[in-house]
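Participant: Start counting the sequence shown at 8; every next residue gets the next number (the numbering used here).
Watch out, some of these pointers could steer you wrong.
Unchecked claim - Here are the computed distance ranges between Cβ atoms for each label pair:
| # | residue 1 | residue 2 | range |
| --- | --- | --- | --- |
| 1 | Asp614 | Arg735 | 47 to 53 Å |
| 2 | Ala88 | Thr209 | 39 to 45 Å |
| 3 | Asp614 | Pro547 | 42 to 48 Å |
| 4 | His177 | Pro439 | 33 to 39 Å |
| 5 | Asp259 | Asp57 | 22 to 28 Å |
| 6 | Ser107 | Asp552 | 39 to 45 Å |
To be verified - Listed next, the in silico EDC-like pairs over lysine to aspartate or glutamate satisfying Cα-Cα at most 16 Å (straight line):
| # | residue 1 | residue 2 |
| --- | --- | --- |
| 7 | Lys334 | Glu229 |
| 8 | Lys427 | Asp356 |
| 9 | Lys732 | Asp399 |
| 10 | Lys66 | Asp287 |
| 11 | Lys623 | Glu731 |
| 12 | Lys763 | Glu714 |
| 13 | Lys763 | Glu684 |
| 14 | Lys427 | Asp399 |
| 15 | Lys334 | Asp350 |
| 16 | Lys675 | Asp698 |
| 17 | Lys530 | Asp749 |
| 18 | Lys334 | Asp226 |
| 19 | Lys66 | Asp51 |
| 20 | Lys732 | Glu714 |
| 21 | Lys530 | Asp698 |
| 22 | Lys741 | Glu705 |
| 23 | Lys623 | Asp552 |
| 24 | Lys66 | Glu90 |
| 25 | Lys66 | Glu290 |
| 26 | Lys741 | Asp707 |
| 27 | Lys763 | Asp698 |
| 28 | Lys334 | Asp324 |
| 29 | Lys732 | Glu705 |
| 30 | Lys623 | Asp520 |
| 31 | Lys639 | Glu229 |
| 32 | Lys639 | Asp327 |
| 33 | Lys623 | Asp591 |
| 34 | Lys427 | Asp343 |
| 35 | Lys530 | Asp520 |
| 36 | Lys427 | Asp324 |
| 37 | Lys732 | Asp327 |
| 38 | Lys741 | Glu684 |
Please keep in mind that the hints were generated in silico from the structure rather than gathered at the bench. As the structure is a computational prediction, the values presented were derived from the model and not from experiment. Every residue gets a Cβ at the ideal spot worked out from N, C-alpha and C, and that includes glycine.
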Amino acid sequence: MSKTRLLRSPRLLSVLFNSLLLLGLCAIATPGKAQTPQVVFRDDFNAPFDSHNALDPGKWGMYDNTYSYGRTQFGNPPSIASESGTTFARLSVSNYNYNSDTTFPFKGTEIFSPTFNLGMGKEFEARVRVTNLPPGLVTAFWAYGSRGLWGTPDFRSDEIDLEFLSRQAHNSLWLTNWNDWNPQSPTYNDGIHNASYQASATGLDWTQWNTYKIRWLTDRTEWYVNNTLVLSSAAAHPNDPLAVRFNAWVPDSSWPDAYDSSLNWTTDPNTARSYNFDVDWVEVRSYDPVPTLTPTPPPPPTPTPPPAHGLTGTYYDNQDFTGTQIKRIDPQVNFDWGNGSPDPAIGPDTFSVRWTGQVQAQYSQTYTFTTRSDDGVRLWVNNQLLIDHWGDQSPSEYSGSIALQAGLLYNIRMDYYENKYGAVAQLSWSSPSTSKTIIPQSQLYPDSTLVPGSTPTPTPLPTPTPTPLPTATPTPIPTPIPTPTPTPPPTPTPVPTPTPLPSAHGLTAIYYDNQDFTGVQVKRIDPQVNFDWGSGSPDPAIGPDTFSVRWTGQVQAQYSQTYTFTTRSDDGARLWVNNQLLIDQWNDHSPWDYSGTIALQAGVRYDIRMEYYDNKYGAVAQLSWSSPSTPKAIIPSSQLYPNTTSSPGAAALTSVTVRSAAKLSTAKATTKTNLIELRFAGALESASASDAAHYRVEVDGVPRLVESASYSLTTHTVCLALPEKTLRLGVSVKVFWSGLRDTKQHPYANGTWQGKAH
Numbered sequence: 008m009s010k011t012r013l014l015r016s017p018r019l020l021s022v023l024f025n026s027l028l029l030l031g032l033c034a035i036a037t038p039g040k041a042q043t044p045q046v047v048f049r050d051d052f053n054a055p056f057d058s059h060n061a062l063d064p065g066k067w068g069m070y071d072n073t074y075s076y077g078r079t080q081f082g083n084p085p086s087i088a089s090e091s092g093t094t095f096a097r098l099s100v101s102n103y104n105y106n107s108d109t110t111f112p113f114k115g116t117e118i119f120s121p122t123f124n125l126g127m128g129k130e131f132e133a134r135v136r137v138t139n140l141p142p143g144l145v146t147a148f149w150a151y152g153s154r155g156l157w158g159t160p161d162f163r164s165d166e167i168d169l170e171f172l173s174r175q176a177h178n179s180l181w182l183t184n185w186n187d188w189n190p191q192s193p194t195y196n197d198g199i200h201n202a203s204y205q206a207s208a209t210g211l212d213w214t215q216w217n218t219y220k221i222r223w224l225t226d227r228t229e230w231y232v233n234n235t236l237v238l239s240s241a242a243a244h245p246n247d248p249l250a251v252r253f254n255a256w257v258p259d260s261s262w263p264d265a266y267d268s269s270l271n272w273t274t275d276p277n278t279a280r281s282y283n284f285d286v287d288w289v290e291v292r293s294y295d296p297v298p299t300l301t302p303t304p305p306p307p308p309t310p311t312p313p314p315a316h317g318l319t320g321t322y323y324d325n326q327d328f329t330g331t332q333i334k335r336i337d338p339q340v341n342f343d344w345g346n347g348s349p350d351p352a353i354g355p356d357t358f359s360v361r362w363t364g365q366v367q368a369q370y371s372q373t374y375t376f377t378t379r380s381d382d383g384v385r386l387w388v389n390n391q392l393l394i395d396h397w398g399d400q401s402p403s404e405y406s407g408s409i410a411l412q413a414g415l416l417y418n419i420r421m422d423y424y425e426n427k428y429g430a431v432a433q434l435s436w437s438s439p440s441t442s443k444t445i446i447p448q449s450q451l452y453p454d455s456t457l458v459p460g461s462t463p464t465p466t467p468l469p470t471p472t473p474t475p476l477p478t479a480t481p482t483p484i485p486t487p488i489p490t491p492t493p494t495p496p497p498t499p500t501p502v503p504t505p506t507p508l509p510s511a512h513g514l515t516a517i518y519y520d521n522q523d524f525t526g527v528q529v530k531r532i533d534p535q536v537n538f539d540w541g542s543g544s545p546d547p548a549i550g551p552d553t554f555s556v557r558w559t560g561q562v563q564a565q566y567s568q569t570y571t572f573t574t575r576s577d578d579g580a581r582l583w584v585n586n587q588l589l590i591d592q593w594n595d596h597s598p599w600d601y602s603g604t605i606a607l608q609a610g611v612r613y614d615i616r617m618e619y620y621d622n623k624y625g626a627v628a629q630l631s632w633s634s635p636s637t638p639k640a641i642i643p644s645s646q647l648y649p650n651t652t653s654s655p656g657a658a659a660l661t662s663v664t665v666r667s668a669a670k671l672s673t674a675k676a677t678t679k680t681n682l683i684e685l686r687f688a689g690a691l692e693s694a695s696a697s698d699a700a701h702y703r704v705e706v707d708g709v710p711r712l713v714e715s716a717s718y719s720l721t722t723h724t725v726c727l728a729l730p731e732k733t734l735r736l737g738v739s740v741k742v743f744w745s746g747l748r749d750t751k752q753h754p755y756a757n758g759t760w761q762g763k764a765h
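The whole structure should be built from the sequences, with the hints applied where relevant.
Facilitator: Have a look at this one:
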């Protein structure tokens with residue numbers, strides 16, 4: 008639902024609390040005690056300030072009844088209360104509407120501390136409980152600035168929230184981190200990523216006393232319940248002075264997840280009710296220096312290396328890989344020749360280079376490869392085209408990502424040409440444990456069959472994926488290790504051709520043409536759940552609105568830790584991991600993040616199921632995870648396994664009787680449109696025929712990207728779209744297809760077509 012973003016968090020009104028602004032951070036931690044925090048601010052609410060049980064005005068300000076938000080007029084005074092030996096501050100919402108105000112019928116409370124320079128190395132914690140709240144109320148423990156009054160041009164502030172929605176389960180929390188929210192125009196002034204989540208904490212009941220903490224580290228924000236981490240986010244750090252705040256209020260219908268129309272008010276003081284939010288104590292702390300709790304990544308494997316390191320570089324005296332050849336081993340791809348030449352035998356302009364060999368990952372992570380070139384460049388890793396910018400350009404960077412396993416060797420090939428003027432060719436990489444850098448010589452291996460003067464023709468290898476650990480679906484949940492330590496990868500001896508997994512990666516997806524999992528079905532393997540269809544459709548057989556999807560399979564954890572799973576959806580989403588319902592947001596909403604946590608063991612496969620529906624407008628479905636050792640990211644294909652009863656493409660050929668290859672009637676490759684048209688003799692199943700993943704194209708022996716595939720059921724024609732200027736008159740074109748099915752879901756054998764572009 009691509010609608011205007013709903014204001015999820017209370018954007019409450021600020022007053023100038025000038026007498027308190029002089030306070031701030033008044034102490035620094037003692038050197039040498041980096042992990043011992045210095046208490047900057049604390050209130051135990053142990054005694055009332057006066058005979059009216061008021062809070063200490065030297066520590067707390069409050070909003071009066073001239074301020075309002077949602078359906079709430081503020082000004083309900085907080086008080087000091089006592090129960091069972093515990094003295095605490097009590098905030099409340101009253102449903103007594105003394106002046107019959109239909110816009111702001113409820114009276115709520117908000118208190119705020121002095122402002123502090125919160126951010127990296129700071130944390131604030133409180134012990135609170137939410138008591139007798141009916142559906143439709145919000146209470147919050149949060150931080151926000153106080154730079155101006157509502158309506159003034161200067162009003163904006165960073166914000167971080169931990170909120171309790173009385174409509175939600177009592178173990179559910181709303182967690183947000185906003186950077187420079189500006190109510191004058193709903194934008195984030197610093198342009199930094201902002202995050203919003205719904206998380207659930209196992210065993211939590213927020214109607215009882217619990218401690219809640221928000222902490223900023225150098226690289227992330229963390230939320231804790233009873234000293235247990237429930238969420239870690241790489242969202243922005245605040246750069247404004249913030250005040251710690253508590254509030255109790257009633258939202259209006261602009262926040263549908265919190266609003267409840269059945270919450271009533273009364274003009275009769277004898278039947279009025281108050282709903283309470285209690286605070287036992289609150290504390291603000293500072294660390295100096297800032298602790299960094301990011302686990303140390305496992306050391307790189309130490310395999311027995313081949314005799315040399317680097318890549319085989321073949322240099323040509325023309326742009327099209329023809330002419331004079333110079334072959335050598337380049338330790339790295341890190342060249343800036345300016346207006347010069349890479350070798351006396353090569354002219355300073357209109358030359359080309361092909362680097363080939365293998366690259367070895369240091370960690371089992373997703374790597375981002377980056378080229379910087381002047382002029383054209385293409386890059387393949389593991390025979391996948393990651394970068395394709397074959398055109399004249401000033402020095403420019405381009406990137407592509409791929410999941411790699413530590414210690415394995417993957418084919419790598421980089422093609423480059425220089426037209427005129429400057430000449431630059433560089434190849435870098437990065438990963439969650441690797442800062443962006445030129446790929447070091449130690450991780451590169453040249454072609455082992457280098458013959459001087461020969462033209463290198465790389466032979467495709469099977470996808471190097473290590474043999475998986477035994478499949479298991481444990482019940483109950485495995486007990487998490489108290490101090491999670493990433494399981495280091497083994498130290499394998501690198502081999503040119505690692506044994507590929509016999510099964511595919513991804514999740515089995517079934518698409519339905521109705522919201523309730525009925526109607527037309529399209530079944531396929533999705534490598535990841537990472538879709539933004541906009542106002543479109545996931546498949547030609549499925550309408551653009553009122554459809555549903557069910558993804559099933561297994562997920563394999565990389566570390567023995569507590570994982571946070573996050574769905575981002577528009578509209579409804581549910582998620583089960585190890586048969587536990589972690590997320591249940593089965594309602595219409597704009598794109599939003601919801602989270603749940605579960606302890607997993609490294610290497611074990613757990614059942615996973617995600618259900619999704621789209622009603623109308625935009626359609627988004629994404630599934631991410633994070634853990635103390637895993638930055639938040641879309642769950643990589645390498646950690647997902649489809650149902651064993653469904654396999655895509657060639658994998659299906661091992662378990663069913665396969666018909667001969669689908670027969671072509673005609674085929675052509677057109678230079679003007681960069682399209683390849685394949686007309687088949689019989690009808691194909693639309694889902695497989697229109698999936699670009701089922702086709703591979705080579706032009707003059709070079710793998711080329713297939714941008715999209717479409718299928719006409721009327722003419723039985725598949726149309727493959729290639730990038731601009733891919734096809735030139737007379738070039739040799741070869742198309743490979745696999746995983747195609749007929750209209751009765753019977754798979755065809757793999758097939759090929761070869762011809763010339765015209």
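Participant: Can you give the numbers of the hints that this structure goes against, from lowest to highest?
Facilitator: 2, 3, 5, 7, 11, 12, 16, 18, 24, 27, 32, 33
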